[in-house]
Amino acid sequence: MTGREAPAITVAGLRVQFGAVEAVSGVDLTVGAGQAVGLLGRNGAGKSTTMRVLAGVVPPTSGRVEVCGRDVRTEPIEVKRLVGYCPDVGGLVPRATPWEHLQLSARLRRLTDWEPQARDLLERFGLGDVAHRVTAGFSHGMSRRLSVVLAALHEPAVLLLDEPFDGVDPTGVEATMDVVDDARARGAAVLISTHLRDLAVQACSEVSVLRGGARVATVEAAAMAGEEGARAYRALLG
Numbered sequence: 001m002t003g004r005e006a007p008a009i010t011v012a013g014l015r016v017q018f019g020a021v022e023a024v025s026g027v028d029l030t031v032g033a034g035q036a037v038g039l040l041g042r043n044g045a046g047k048s049t050t051m052r053v054l055a056g057v058v059p060p061t062s063g064r065v066e067v068c069g070r071d072v073r074t075e076p077i078e079v080k081r082l083v084g085y086c087p088d089v090g091g092l093v094p095r096a097t098p099w100e101h102l103q104l105s106a107r108l109r110r111l112t113d114w115e116p117q118a119r120d121l122l123e124r125f126g127l128g129d130v131a132h133r134v135t136a137g138f139s140h141g142m143s144r145r146l147s148v149v150l151a152a153l154h155e156p157a158v159l160l161l162d163e164p165f166d167g168v169d170p171t172g173v174e175a176t177m178d179v180v181d182d183a184r185a186r187g188a189a190v191l192i193s194t195h196l197r198d199l200a201v202q203a204c205s206e207v208s209v210l211r212g213g214a215r216v217a218t219v220e221a222a223a224m225a226g227e228e229g230a231r232a233y234r235a236l237l238g
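Quick note: the sequence shown, position 196, residue 196 per UniProt numbering, numbers continuous.
Just so you know, these hints were derived from the structure itself, not from any lab.
Some hints could be false.
Said to hold, decoys possible - Listed below are the simulated SDA-like cross-link pairs for lysine to any residue, each with C-alpha atoms no more than 25 Å apart in a straight line:
no., residue 1, residue 2
1, K80, D113
2, K80, G32
3, K80, R197
4, K80, A23
5, K80, P170
6, K80, A106
7, K80, T97
8, K80, Q35
9, K80, L108
10, K80, S105
11, K80, R64
12, K80, S25
13, K80, A20
14, K80, G137
15, K80, T30
16, K80, S62
Produce the complete structure using the sequences and hints provided.
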């Protein structure tokens with residue numbers, strides 16, 4: 001990203017309050033086109049809430065949040081068109097098959113010639129054999145894999161993956177890494193929330209650490225690698 005290019009994701013002074021609970025208390029974050037950034041932190045650090053705001057699911061209480069120059073507060077529909085979002089939990093219809101999920105997504109986004117891409121993603125994620133089986137019987141890992149497929153189908157400008165590696169087998173991890181690489185190669189911005197530090201280091205160029213709803217540091221991903229990175233991470237968590 002050059003100095004003249006606006007970031008694909010801009011978060012400045014984000015605060016999100018649910019009643020008396022402040023889930024996010026001051027997050028600043030930028031992600032440029034072609035960049036992958038990881039969000040690390042303990043449960044309750046504000047990672048998923050930040051992702052939900054960027055996806056247009058939860059409104060910000062205050063602060064500035066933009067996706068490709070679109071304000072999530074005033075242009076939520078446009079933001080949702082630009083984003084591919086894998087939520088941390090839920091998002092699937094138990095009585096629908098993976099193929100029906102993909103059909104619905106394609107219809108809502110008015111995609112044409114989407115079927116080859118859908119079949120390729122299902123095969124890459126090891127879901128080809130269960131494409132016409134209802135998701136009610138899926139394991140947690142299978143559901144995670146399908147959620148990433150749905151997020152990636154329309155090749156969005158911004159890819160938001162919330163805990164995409166949770167409970168996922170090596171095939172799913174590798175396929176997710178490939179999706180991230182493909183997105184970056186075509187100039188998309190990627191934000192990955194995960195509690196798995198090693199995978200964040202592998203997938204991302206930078207890592208932002210959240211603690212208590214606020215960002216405490218943004219560092220090169222390599223600084224979080226290995227035993228030295230583990231010590232640095234524990235120090236940031238306090």
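Do the hints match the structure? See the list:
no.	hint	result
1	K80 to D113	holds (21 Å)
2	K80 to G32	holds (18 Å)
3	K80 to R197	violated (28 Å)
4	K80 to A23	holds (22 Å)
5	K80 to P170	violated (30 Å)
6	K80 to A106	holds (14 Å)
7	K80 to T97	holds (23 Å)
8	K80 to Q35	holds (20 Å)
9	K80 to L108	holds (11 Å)
10	K80 to S105	holds (12 Å)
11	K80 to R64	holds (17 Å)
12	K80 to S25	holds (24 Å)
13	K80 to A20	violated (28 Å)
14	K80 to G137	violated (29 Å)
15	K80 to T30	holds (18 Å)
16	K80 to S62	holds (20 Å)
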